[in-house]
Amino acid sequence: MKKRHKAVLIIFSVVIGFPLIMWLSWVLTTPKPISIFIMDKTSYSTKRAQNRALNWVLTHYRYVKTDGRRYDPVQDYFGFFPLSNEQYKTDDLQGMTDYQLARLAVDYHAAYFTDNYGVYSDSWPEEKPGTFPVTKIYGGLHEEDLLFLDHMIKRDRLVITEFSFMGPPTHKSLQQKAEQLMGMEWQGWTGKFFHTFDTAQEKSVPPWVPVLYKNQNGNPWPREQQGVIFVHEDETLVVLEYPKHIKTPYPLVMTDRQQRRKFGVSNRIPYPGWFDVTMASSDDKTVLSWFELNLTPEGRVLLQSHGIPARFPAVIKQKDTNRLYYFAGDFGYSPLKQRFVKFKGSRFAELFLSDLTDPTDKSGFFYTYYLPLMKNIIRDYHEEMLTR
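Note that this note's numbering gives residue 49 to position 52 of the sequence shown, counting from 1, and the numbers run on in steps of one.
A few of these clues could be false.
Below are the DSS-like pairs computed for lysine-lysine, each with C-alpha atoms no more than 25 Å apart in a straight line [unchecked claim]:
id, residue 1, residue 2
1, 316, 174
2, 151, 334
3, 29, 244
4, 282, 29
5, 169, 151
6, 282, 62
7, 62, 133
8, 259, 169
9, 241, 29
10, 211, 244
11, 372, 316
12, 200, 133
13, 29, 334
14, 62, 341
15, 372, 334
16, 151, 339
17, 334, 316
18, 316, 341
19, 174, 133
20, 174, 282
21, 151, 133
22, 282, 211
23, 151, 282
24, 86, 133
25, 241, 189
26, 189, 334
27, 200, 169
28, 125, 86
29, 174, 62
30, 125, 189
31, 334, 200
32, 189, 169
33, 211, 125
34, 282, 169
Pairwise CB distance ranges (calculated) [as the list claims (entries may be wrong)]:
id, residue 1, residue 2, range
35, 86, 212, 35 to 45 Å
36, 377, 342, 38 to 48 Å
37, 72, 169, 44 to 54 Å
38, 221, 59, 41 to 51 Å
39, 276, 64, 39 to 49 Å
40, 348, 303, 30 to 40 Å
By construction, these hints were calculated from the structure, which means they are not laboratory data. Every residue gets a Cβ at the ideal spot worked out from N, C-alpha and C, and that includes glycine.
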């Protein structure tokens, strides 16, 4: 009987005791105020908030707004806001004067532009993958965005921008200004891993891709294959089929030992989301992590014929500072569950429940790369804020 009681006590401690301790530890952690300007131009529904991954990090590590309230991924950002009855509103920097933008840079400690791509007729007010032609409803960089970031950079604030920051639908003249401001150059290419090229099974494969492929190659679309699709801003398409062109069907994010120690990220992790090919164009930038493609000889020739490198930056940062970053992947979009966000140390539980070998499971990338990266970036910057 005593043995049974011990077994019940042990089970109770594991099932109830440990989670309770983790939750109490989170509750008792001192909130850390920081004012973060978040721009999100692509959240066309509350379920697809592009800043959800950032919000998870802020909530988990107890970063709060300067008034003490937690950040809300549905409300605490600028950009596109879906409303009821197929209505929406926008709240951004358009129309602000340079003086107003300068004052805004005084009020905010940091800025994070999560997604500039915008909202289109095939996604709003509901997702319609076969819609044609697709028209823009909202999105792209505005002159005021760059003026604000220029003020933030000059004030030595933390600035993080992400995939699609410099690409379409931003006007070419603003793209060039953004590249000059960031000290980086977008190469015109975006890409993504697809676990199947069959548009009937994989809705995220744009319906115009098979048409472009046939027009450019004269061959039928390899719908039964998987791999990586690159598309250029001029609509040139490059398709890496597995195992014909690529030995591993998805890109890997690779980080060397020095950067792993500094930021606590994995040395190599599959990356399943959208990415772009962007290079540092100034000497004061360095690469924190790289995208790498494990190509066959045939795949290498195919990429070289289009000027696409097999290895290109995943994260570019300012040298010797913790101030300016560019994430060349859609890192901020992650369909995260909120089950353990308020449990201190829950990252290890989530890692246990995640399948790190499944490239379609973006939670694995979040817990092994994005979360520790953002944790260290914000922690270091916040500590520097307190010493100023």
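Okay, the hints, checked on the actual structure:
no.	hint	verdict
1	316 to 174	holds, 21 Å
2	151 to 334	violated, 37 Å
3	29 to 244	violated, 45 Å
4	282 to 29	violated, 29 Å
5	169 to 151	holds, 24 Å
6	282 to 62	violated, 30 Å
7	62 to 133	violated, 33 Å
8	259 to 169	violated, 36 Å
9	241 to 29	violated, 51 Å
10	211 to 244	holds, 24 Å
11	372 to 316	holds, 19 Å
12	200 to 133	holds, 19 Å
13	29 to 334	holds, 23 Å
14	62 to 341	holds, 20 Å
15	372 to 334	holds, 18 Å
16	151 to 339	violated, 35 Å
17	334 to 316	violated, 34 Å
18	316 to 341	violated, 32 Å
19	174 to 133	holds, 22 Å
20	174 to 282	holds, 17 Å
21	151 to 133	violated, 33 Å
22	282 to 211	violated, 40 Å
23	151 to 282	holds, 16 Å
24	86 to 133	holds, 15 Å
25	241 to 189	holds, 17 Å
26	189 to 334	holds, 23 Å
27	200 to 169	violated, 29 Å
28	125 to 86	holds, 21 Å
29	174 to 62	violated, 31 Å
30	125 to 189	holds, 20 Å
31	334 to 200	holds, 22 Å
32	189 to 169	holds, 23 Å
33	211 to 125	holds, 23 Å
34	282 to 169	holds, 23 Å
35	86 to 212: 35 to 45 Å	holds, 39 Å
36	377 to 342: 38 to 48 Å	violated, 20 Å
37	72 to 169: 44 to 54 Å	violated, 33 Å
38	221 to 59: 41 to 51 Å	holds, 48 Å
39	276 to 64: 39 to 49 Å	holds, 40 Å
40	348 to 303: 30 to 40 Å	holds, 37 Å
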